[in-house]
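Going down the list, the protein sequences come from chains C and S.
Each step along the first sequence adds one to the number in the numbering used here, with nothing skipped, and position 14 is 14.
So the numbering used here is basically just the index in the second sequence, starting at one, shifted up by 190.
By construction, these hints were calculated from the structure, which means they are not laboratory data.
From the three backbone atoms N, C-alpha and C, an ideal C-beta is built for every residue, glycine too.
With beta-carbon atoms standing in for the labels, derived distance ranges: (1) S:A327 / C:D15: 24 to 32 Å; (2) S:T324 / C:V92: 43 to 51 Å; (3) S:S307 / C:K177: 17 to 25 Å; (4) S:S307 / C:P52: 32 to 40 Å; (5) C:K140 / S:S294: 32 to 40 Å.
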Amino acid sequence: MDMTEDFEEALGALDKIDFTTCSLDTLNVFETTIRYLGGFLAAYDLSEGKYPSLLDKAKELGEMLYVAFDTPNHFPMTRWHFKDAMMGKKQVAHDAALVAEIGSLTLEFTRLSQITGDPKYFDAVQRIMNVFDAQQDDTKLPGLWPVMLNTRDLNFTADTFFTLGGMADSMYEYLPKVTTSSTWHSLYIC
Amino acid sequence: MDIRTSRAIVSFVHCFPSSLCFYSNSDQLGADDLIMLRPRSLPIVLLVLLLVTLVYYRNSFYTNRDASAISWQEPPPDYKVPAGFDWPKVKANYPVTSHIPLPSSPAQAIPRIQHTSTPPTGDVAVLRKHRLNTVKAEFVHAWSGYKKHAWLQDEVAPLSGGVHNPFGGWAATLVDSLGRPLHTCSYSPVSLITTKIHF
Chain C
1 MDMTEDFEEA LGALDKIDFT TCSLDTLNVF ETTIRYLGGF LAAYDLSEGK
51 YPSLLDKAKE LGEMLYVAFD TPNHFPMTRW HFKDAMMGKK QVAHDAALVA
101 EIGSLTLEFT RLSQITGDPK YFDAVQRIMN VFDAQQDDTK LPGLWPVMLN
151 TRDLNFTADT FFTLGGMADS MYEYLPKVTT SSTWHSLYIC
Chain S
191 MDIRTSRAIV SFVHCFPSSL CFYSNSDQLG ADDLIMLRPR SLPIVLLVLL
241 LVTLVYYRNS FYTNRDASAI SWQEPPPDYK VPAGFDWPKV KANYPVTSHI
291 PLPSSPAQAI PRIQHTSTPP TGDVAVLRKH RLNTVKAEFV HAWSGYKKHA
341 WLQDEVAPLS GGVHNPFGGW AATLVDSLGR PLHTCSYSPV SLITTKIHF
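Extracted from the complex, chain S is given alone in its bound form:
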């Protein structure tokens, strides 16, 4: 059983009020816990076992298919490309002989599905401004943490202050966020996109 499943069980069990408590007050479930069971707890035990089974199989199912699972393997040592290597010069084993051209006709309009909103007034305007500032503050907080603890790394580990490099170690957070300051905060050549978003 993996750690995620164990945690799921523990947190599930913690949901029970103390009168129904049928496990020891440790953070891990073990064989000892079962000794404390009383007959009237049987339906609950069966329910828990059912949930455990479901959680376990759901987790193993997603682990097999999860797109990010492979990324979290321990990264191997850095690899250096031979000097003078140039990707465009790699000779194709299966050369493309003709290219599908970019469409030249204008894109077809698709029907609008969004609600047509009007700029808020009064208390609603104040509330939305508050929400907007909260989002900005969250961005600034996360960005500052990345700069301080993980600059040029893929990700900051928010609790430990450590780093993760699951995306090649090419400063994924930095690159992924490049456009964000432009539309999260004011940036002169670009209109403030956030002024058009109504929360």
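Isolated chain C (complex conformation):
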């Protein structure tokens, strides 16, 4: 099978992806970020920017997801009633959000800012990581963060359940990846 042909075919199908329809009422911001935004940006980088449609899709989705961060403390809704947001309804970040869903947005949002030159995406996730940083040594297991975070009141220290597995793993995975994010090229393209 010629995978180049498949890639081109998949690119052609991007036009059919319509972010104005949705099979869900509540959008999982983390899942949407890692699968879609990550997918577009990875393919854009791997093809060395040859396909602008990939970046267009990433920007289109980035603009949508950015609205999930429109809360009093600018922490994102993780399970997002995006239709309410479309109508301009006020949102408040959840008092219980999974650590992976909050802490695994950095890679995609940082890269989107790097490519587009628009700092707002990096700003949105750096605000989150600053809180991770500030409270890291105050958790019940200092150094690690618990599974449930109160993103409404910015209390990351209350929960007593810790894991490196599901619900947390991708957050720890993203930390070193983002740290080396200015070396993207060597990271992905050998």
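Add chain S to chain C, keeping to what the hints say.
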């Protein structure tokens, strides 16, 4: 008790050799099964009950916290955004007044933790080539199934050939896999990443 728990019990019980069999040969455990118990089975019964309890509570614990659990609800009907709607034009209720800038200094190097491998030779090279081809074949198989049964849907259901749309119905598999052909198989502008991975 949910279906996962029931299945876990059934598969656990199936692990026992037939000499220890204390349940009927049906796929479901029921009240009848308990009638067949003999006294010497008591320690086993207690063990099973303990395991059942553990499995049950583990499952309910994860169900409450599982990130993907919500995604698997039956999706509501499609929703159409009003014509002319544009996300960048949504007025912020809590405008961001200043942005934290991207770091301008180069990233700090982090210590290498990976083993330094050398290209394999002889039988090892053959074995690794075989493994590499197996991975490629699996990718092609999965991709073909998606194309045939679930093109532009989020996921193919691999046994039924049906589809799932737990991620908004925006072709999640397609988008998530966009970069994969580029580094799973040869694609001219990009070096073959797989040639650098030694299994």
